[in-house]
Amino acid sequence: MSAQIRKDVIVATEHIKAPPEVVFPYFTDPALIVKWIGDRAELDPRPGGVFSLDMGEVVARGVYITVEPPYRVVFSWGIPGNDALPPGGSTVEVVLTPDGDDTMVVLTHRDLPSAHIGNHRAGWEHRLGRLRAAAG
Amino acid sequence: MAEQKQPTSAAPDAVLRALADPHRRQILRLVQHAELPAGQIAASFTLTQQAVSQHIGVLKQAGLLTERREGTRRLYALRHESLEPVRELLSEFWPDALSRLKQAIETDHPRPPKR
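First to last, the protein sequences are chains A and B.
Heads up: the first sequence begins at 1 in full-length UniProt numbering, then just goes up one per residue.
Heads up: the second sequence begins at 1 in full-length UniProt numbering, then just goes up one per residue.
Just so you know, the hints here were simulated from the structure itself, not pulled from any lab data.
For every residue, glycine included, the Cβ atom is placed at its ideal position computed from N, Cα and C.
Among the hints, a few may not be true.
Said to hold, decoys possible - When the alpha-carbon atoms are kept at most 35 Å apart in a straight line, the in silico DSBU-like pairs for lysine-lysine are as follows:
| id | chain 1 | residue 1 | chain 2 | residue 2 |
| --- | --- | --- | --- | --- |
| 1 | B | LYS102 | A | LYS17 |
| 2 | A | LYS17 | A | LYS35 |
| 3 | B | LYS102 | A | LYS35 |
Stated by the list, open to error - One side only, chain A facing chain B, incomplete, derived with CB under 10 Å:
| id | residue |
| --- | --- |
| 4 | ILE10 |
| 5 | THR13 |
| 6 | HIS15 |
| 7 | VAL22 |
| 8 | TYR26 |
| 9 | LYS35 |
| 10 | VAL92 |
| 11 | VAL95 |
| 12 | ASP101 |
| 13 | LEU107 |
| 14 | HIS109 |
| 15 | ASP111 |
Unchecked claim - Looking from chain A toward chain B, a few residues come up when the C-beta cut is under 7 Å (computed):
| id | residue |
| --- | --- |
| 16 | ALA12 |
| 17 | GLU14 |
| 18 | ILE16 |
| 19 | LYS17 |
| 20 | ALA18 |
| 21 | TRP36 |
| 22 | ILE37 |
Isolated chain B (complex conformation) (with noise of 0.2 Å):
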């Protein structure tokens, strides 16, 4: 039986943890446009080579990069579907946004009962 390595949506709980951090951030946005090997995405930074890997690690397991593999090199690339759930979030915060908003004019400025 194939086991599923990459999550087909991640939870949003992980994704916005996942962006949590500057560092991971960082990572995405050097492989937003284009695929890179670990080698070159360590060298943009000035942590160890350690850290980097267990921030790449934390990015893959919330679904937001994409491994693959060339010879010995690992490529990661920017999973933009993974962002879904995120923009979920945002649509629905501003209709829950505007409802409270009737709510409270609604509540502020009763209108006088119809005659």
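Next comes chain A alone, as it looks inside the complex (with noise of 0.2 Å):
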């Protein structure tokens, strides 16, 4: 397995015992995220339409961009008020591996501000030796 890492990207991954049918929701319907992201939701997946996530204090706000059930959906990411990560100004992709029966995630968080990723890399790593290991 290779990866291009970029200073800008975050890359999470992570193997979930559930095809790809069963994730995908969780990523659109807003009853289904919260159970894991967020404390209210709101979100209209289609191309445009409106990726609303209430976490505590902090408000994420963006809009879906690409959605293609049930392996791949892309949406914009941004906190209001906040001028280094701006609505809109960075953009999570998320794609979904069938794995046998199982799923492999990738989440793919691109045009974070600044650089300076910098010993990130070695925390990359060591997911990536979870994942096989998990997957193993």
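Join these two chains into a complex; the hints should help.
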């Protein structure tokens, strides 16, 4: 497996024991998304539709850019009033790849403010190792 | 013994507190790509020079600004590496969130035991 590591990108991965058809709605259904992120959600999962998440004091706002059930969803992400990360300023791409009966989730957060990801490479490789162990 | 004037790595809390104020974020934007004297920073605000100096002080304290003296002027610039703790928080954010996702899905959709 090879990985391109860019400084303005954060990649997170997870192996889930359920097929993509089951995993996908957790990124598009307000009742399901709040089970893992945020307290309240307003989601309109079609290109240009609102993506809005209340997470305690922080609010994430964006729009869906690409919605391809059950394999890929892209939405913009930002925090109103935060110049470093304005709404729509960064994008999150989620790719769901079948792995037998399971799903490999790869989440890529792009266009983050400023550079300097530095030692995150180690963290990323650690996660890859974990992923291999989980999939092994 | 030399005293350390500028922290080499600021705590995320201090950085986040410093970033919580819109005036301070505006200051950081001004000095993001160019080193500017305090007077020029103050000139782009309707705040008093004293209020701007206080904001600069908070940013310096959090390690977000570098200060350089040139004659009687003090020049300020963004210390880019100080945003690292914030990025670190973000980089923990998604793995933590995805592990909650895994837990939620595998709880909602348990696999029947294999025979």
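Outcome of the hint check:
Between LYS102 of chain B and LYS17 of chain A, the direct Cα distance comes to roughly 8 Å. Compliance with the 35 Å bound is thereby established for this hinted pair. Between LYS17 of chain A and LYS35 of chain A, the direct Cα distance comes to roughly 17 Å. Compliance with the 35 Å bound is thereby established for this hinted pair. For the given pair, LYS102 of chain B sits about 10 Å from LYS35 of chain A by alpha-carbon distance, which is consistent with the 35 Å threshold. The interface hint given for ILE10 of chain A holds, since its Cβ lies 5 Å from the closest Cβ of chain B, which is under the 10 Å cut-off.
Because the beta carbon of THR13 of chain A sits about 7 Å from the nearest beta carbon in chain B, less than 10 Å, this interface hint is met. About 8 Å separates the beta-carbon of HIS15 of chain A from the nearest beta-carbon of chain B, less than 10 Å, and the hint is met. Checking VAL22 of chain A against chain B by beta carbon gives a least distance of about 5 Å; that is within 10 Å, so the hint holds. Residue-level restraint check for TYR26 of chain A holds (minimum Cβ-Cβ distance to chain B is 6 Å; threshold 10 Å).
Checking LYS35 of chain A against chain B: minimum C-beta separation of about 4 Å stays under 10 Å; hint holds. About 8 Å separates the beta-carbon of VAL92 of chain A from the nearest beta-carbon of chain B, less than 10 Å, and the hint is met. Here the hint on VAL95 of chain A is broken, as its CB sits about 12 Å from the closest CB of chain B, past 10 Å. Hint on ASP101 of chain A holds. Least Cβ distance to chain B is approximately 8 Å, under the 10 Å limit.
Taking 10 Å as the C-beta cut-off, the interface hint given for LEU107 of chain A holds, the closest approach to chain B being about 5 Å. Contact between HIS109 of chain A and chain B, as hinted, is supported at the beta carbon level, the nearest pair being about 6 Å apart and thus within 10 Å. Checking ASP111 of chain A against chain B: minimum C-beta separation of about 12 Å lies over 10 Å; hint violated. Taking 7 Å as the C-beta cut-off, the interface hint given for ALA12 of chain A holds, the closest approach to chain B being about 4 Å.
With 7 Å as the threshold, the beta carbon of GLU14 of chain A comes within range of chain B, its nearest partner Cβ sitting at about 4 Å, so the hint holds. Taken as an interface hint, ILE16 of chain A checks out: its beta carbon lies about 5 Å from the nearest beta carbon of chain B, inside 7 Å. Hint status for LYS17 of chain A: holds, given a least beta-carbon distance of 5 Å to chain B, under 7 Å. This hint holds: ALA18 of chain A has a C-beta 5 Å from the nearest C-beta of chain B, less than the 7 Å allowed.
Interface restraint check for TRP36 of chain A: the shortest CB-CB distance to chain B comes to about 4 Å, inside 7 Å, so the restraint holds. The interface hint given for ILE37 of chain A holds, since its Cβ lies 5 Å from the closest Cβ of chain B, which is under the 7 Å cut-off.
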